[in-house]
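Those sequence lines, one after another, are chains A and B. By this note's numbering, the letter at position 238 of the first sequence is numbered 306, and the numbering carries on one by one without gaps. By this note's numbering, the letter at position 393 of the second sequence is numbered 427, and the numbering carries on one by one without gaps.
Calculated directly from the structure, the hints in this document are not laboratory data. In this text, all values refer to a predicted model and were calculated from it rather than measured experimentally. A portion of the hints provided could be inaccurate.
Said to hold, decoys possible - Quick list of simulated restraints, FRET-style, between CB atoms:
#	chain 1	residue 1	chain 2	residue 2	range
1	B	P299	A	F73	56 to 62 angstroms
2	B	N207	A	V283	47 to 53 angstroms
3	A	S122	B	D366	30 to 36 angstroms
4	A	E307	B	E60	42 to 48 angstroms
What the hints assert, rightly or not - When the alpha-carbon atoms are kept at most 30 angstroms apart in a straight line, the in silico DSSO-like pairs for lysine-lysine are as follows:
#	chain 1	residue 1	chain 2	residue 2
5	B	K111	A	K193
6	B	K111	A	K124
7	B	K250	A	K124
8	A	K187	A	K98
Backbone N, C-alpha and C define an ideal beta-carbon position, used for all residues, glycine too.
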Amino acid sequence: MAANFWTSSHFEQLLDPEEVDVVHQLDKDKGLTLEEFKLIKMHMTNCILKLAQSVKVRQRVVATAVTYMRRVYTRKSMSEYDPRLIAPTCLYLASKVEESTVQARLLVFYIKKLNSDEKYRYEIKEILEMEMKILEALNYYLVVFHPYRTLAQLLQDAGINDMNMTQLSWGLVNDTYKMDLILVHPPYLIALACMYIASVHREKDITAWFEELRVDMNVVKNISMEILDFYENYKISDERINAAFSKLDFKP
Amino acid sequence: MAIAGAGQLNLNESPCWGSRSVDCFEKLEQIGEGTYGQVYMAREIKTGEIVALKKIRMDNEREGFPITAIREIKILKKLHHENVIKLKEIVTSPGPEKDEQGRPDGNKYKGGIYMVFEYMDHDLTGLADRPGMRFSVPQIKCYMRQLLTGLHYCHVNQVLHRDIKGSNLLIDNEGNLKLADFGLARSFSNDHNANLTNRVITLWYRPPELLLGATKYGPAVDMWSVGCIFAELLHGKPIFPGKDEPEQLNKIFELCGAPDEVNWPGVSKIPWYNNFKPTRPMKRRLREVFRHFDRHALELLERMLTLDPSQRICAKDALDAEYFWTDPLPCDPKSLPKYESSHEFQTKKKRQQQRQHEENAKRQKLQHPQPHARLPPIQQSGQTHAQMRPGPNPPLHGSQPPVATAPGHHYGKPRGPAGGPGRYPANGTSGGYNHPNRGGQGGGGGYSSGPYPPQGRGPPYGSSGMAGAGPRGGGGSGYGVGAPNYSQGGPYGSSGAGRGSNMMGGNRNQQYGWQQ
C-alpha cells in the first residue's frame, strides 16, 4: 500500500503486547484461557491460509485478513464474534481491499469443501452480515502495512541475493502472522527480525550491515526472541483446538 | 465498548469503536440522487454543523459492502489535504425493520451506511453552467491551481483519482476547491508494475492511452483530465464530447494530431493501437484552434494535452508553469464571490418546471427554447467578478464574444435556459469556434446545425439506446453516488452506457432516465 506508514492509521493503532493479550470478559467467563485464546487465533490463521490457497489469492491478502481478524479480537469477544465466521469474512473483506476480489459464493463453496464440521459451515448471508460488523469493529481503517515490501528492499540493501536467505526470511515473515506481532511492531522491525534470524540460521554474517542501520538492535533482537519462542512452543493439536472451541460453544 | 445493544441507538458522541447512528443528523434536503443512494445536506444536531451525507445502500448488494465504497473509504481515510474532500466519519442507520415489540431488530445495517462529508455548496460544472456565469481569469487560475495542488497531493501519496471531471470538483462559498468522489481511485506504486483497468475516467476526460487499451499507467491519466477541464473553462464547453470510444479517440486526434512512434514512442505496442490508428494523416491543431487563448494558458494546455503520457506535464510542474505566475495572478479563494448553492439536484425540479413552461410556450408560439452556452472567461483582468446571483438577466448579450454561441452546454438532458428564451442566439452560426469534428459525425446525435438545435450535448431525447444523461449526470455533486457494481460490467467497448459515460455511467445515467 502506498503512502507513508508513519502517518498511517496502522502506525497510530500499534498496541502494547499487554493490550493484545487480553481475553475478553465474556470469553473469560466461559473459562477461555489466554493460551487458548492465542491458540484459536493461530488455528484460524491457518484456516484463512488454507482457504486463501483454494481461492488463489496473494499472500498479501492473507496477511491483511489475518491482521483484521487479530484487530477484531482486541475489541470483540469470540463468544459474540465466532472465529469460524470471522476468519473467512476477514479474508472476504481483505480480498476487496487488496483488489483481488473473491466472490462470496466461491468462498462458501470452499469453506464447505475444506470443513466437514458443521460449525464451520457458514452461508453467504452470514458472511455479508458479518462483513459490516467487522468494518465497524475496524472503525473502517482498512489499510494495513506489511513487512514484505520492506523485506525485499532490505535484502537488496544488505546485498543478499541468494535464494536460500530470501526464502527463509520470507517464510519467517509469513509465520509471524500466526502471532500478534503485526499489531504490536512496525512492519520494518518485523522484517529486520526475520532477516536477523535467517542470517544466524544460515550462518551469514551481516552484523556490519545491521550496525549501520539506525535501528535499536535490542528491539530487533527482542522481536527475534519472540519469534523463536513461538517456534519452540508452537504446538497445535486438534484436541486442544476442540477443547477451546467447546468452551466457547458452551451455552449455559 | 461503545456499540449500542440491540434496540438502542448509538448516540454517543464519538465512540472509540463502532459508529454513530445517522440519527445524530437531521436531514435537510436531498442534494443528489443515484440509483444506489442519495446525497443529503444535513445538520449535526449537537453542533449545528452542516454536512453532506452520502448513502451507501446495502440491499440489492450481492457482494456485501460495495468495493467502490471500500476504495473510497480506504483512500479518504489516508488523505488529509485542504483540496481533498474530508470524510468526517461513517454512520449507520438502524433501518426500518422492527421486532415484535416494535423496536429496531438490531441489525444496524439494513437501513444503510452513510459517509459523512464536509458540506460544499457547488461543483465546478454546476457553477459553470449557471446562466450568465462568467469566470474571471484570476478565478480560473485560482480553481486550476487548487485542482493541481490537490491532485499533486494525491499523486505524491500514490493515489490515482481516475475520475477527474467538473462535477467531481466541489467548491464552497469560501472559494475552496476540493477533489471528491474517490470511488474509482486507487493506489499505485512506482516500483510495482501492476496491470490496472483501462475502463476508468468519464469518456470525455479519458486520455488516449486508456482509450488505446493501456493497462499500465500512472498519474498522467489524471493530468489529461485536468487539461480537458482547463480547456473547457477557457473555451466555455467540453472540448472532446465523444459519444463512444472510437469517436472519442477521433476527436482527440483531430485536435491533438494522430499518435505515431515519433511523437509517442511505444504507442504502436499499446493493445488497440492498430484497431484505432487513423487512416489518414492528422496534424496537431491545438494551437490553431485555441489561438485566441492567452499565451501562457495555451502553453500549459499544450503540455497537459500531450498524447504521450510520459511527456505530459505532471501536477508539480504544472503548478510551476508561467501561467500561474504572470498577471493576472490567481486570486485568493476568499476574494471570490459567493454564489447561491448550485447542486444539480436542487435545481432539477425548477428546471423541469421551466421546461414544461417552455414546451407550452413552444406549442403556442412555435418558439423553441434557446439553449444557453457557457460564457468564456472575462478577459479584462481588472474587471470585477461575474454576476453573483441568477437574478434579472444582466446585459451580457451585447458584450458576449462570438466564441460561445455554439449550441449550449448541458448534460444531455433537457434543461431549459434558466434565463428565459431569447437570451442568446440559438444557433452557432455567428462564427466563432467550430468544433473540428462537428458535422462530420453523421448520426452522432446531439449537435446539429439545423434551425432547431437539440438541447444540450446528449442525444436528442432518447435517440440512442441509453438515456444519455451525459457523463456528468452523475448525480450528484461529486459526492459520487455511483453504482457500486461497476466492476461487473461488460467488456470494453460493449459497455453500452450513454455517451461520455465512464464504466459506472450506465448506472449513473439511469438515475435520470425518468426525466426523459
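How the hints compare with the structure:
{"no.": "1", "hint": "P299(B) x F73(A): 56 to 62 angstroms", "in the structure": "36 angstroms, violated"}
{"no.": "2", "hint": "N207(B) x V283(A): 47 to 53 angstroms", "in the structure": "50 angstroms, holds"}
{"no.": "3", "hint": "S122(A) x D366(B): 30 to 36 angstroms", "in the structure": "59 angstroms, violated"}
{"no.": "4", "hint": "E307(A) x E60(B): 42 to 48 angstroms", "in the structure": "57 angstroms, violated"}
{"no.": "5", "hint": "K111(B) x K193(A)", "in the structure": "28 angstroms, holds"}
{"no.": "6", "hint": "K111(B) x K124(A)", "in the structure": "28 angstroms, holds"}
{"no.": "7", "hint": "K250(B) x K124(A)", "in the structure": "23 angstroms, holds"}
{"no.": "8", "hint": "K187(A) x K98(A)", "in the structure": "18 angstroms, holds"}
This entry does not satisfy hints 1, 3 and 4, going by the numbered hints stated previously.
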